[in-house]
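Quick note: the sequence shown uses the UniProt record's numbering, first residue 1, plus one each step.
By construction, these hints were calculated from the structure, which means they are not laboratory data.
The list that follows gives simulated cross-link-like pairs (lysine-lysine, BS3-like), each with its CA atoms no further than 25 Å apart:
{"hint": "1", "residue 1": "Lys58", "residue 2": "Lys44"}
{"hint": "2", "residue 1": "Lys15", "residue 2": "Lys27"}
{"hint": "3", "residue 1": "Lys49", "residue 2": "Lys62"}
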Amino acid sequence: MATFTSSLPDSLLEKLSVLAKELQLPKNRLIENALELYLEQVEKASYIKSYQQAATDKDILKVAEEGMQEYFTELNDADSN
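Throw the hints in and build the complete structure from the sequences for me.
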């Protein structure tokens, strides 16, 4: 595991200390948990943004519609057999 050193504003460090005591967790573990949650949220926001952009891209919509049409055709063919 790598070591990381950073400076924090006094007020944030105080909040971290208080919460770490309340939760009976080391401060570094609390920071690690918080960073993992934050990075997950950033990744989700990135996915949402890419889907929103895709929803306005006519070429992507056309490909999706063609794919859905093929899918429905295959379902209908399977029901016929």
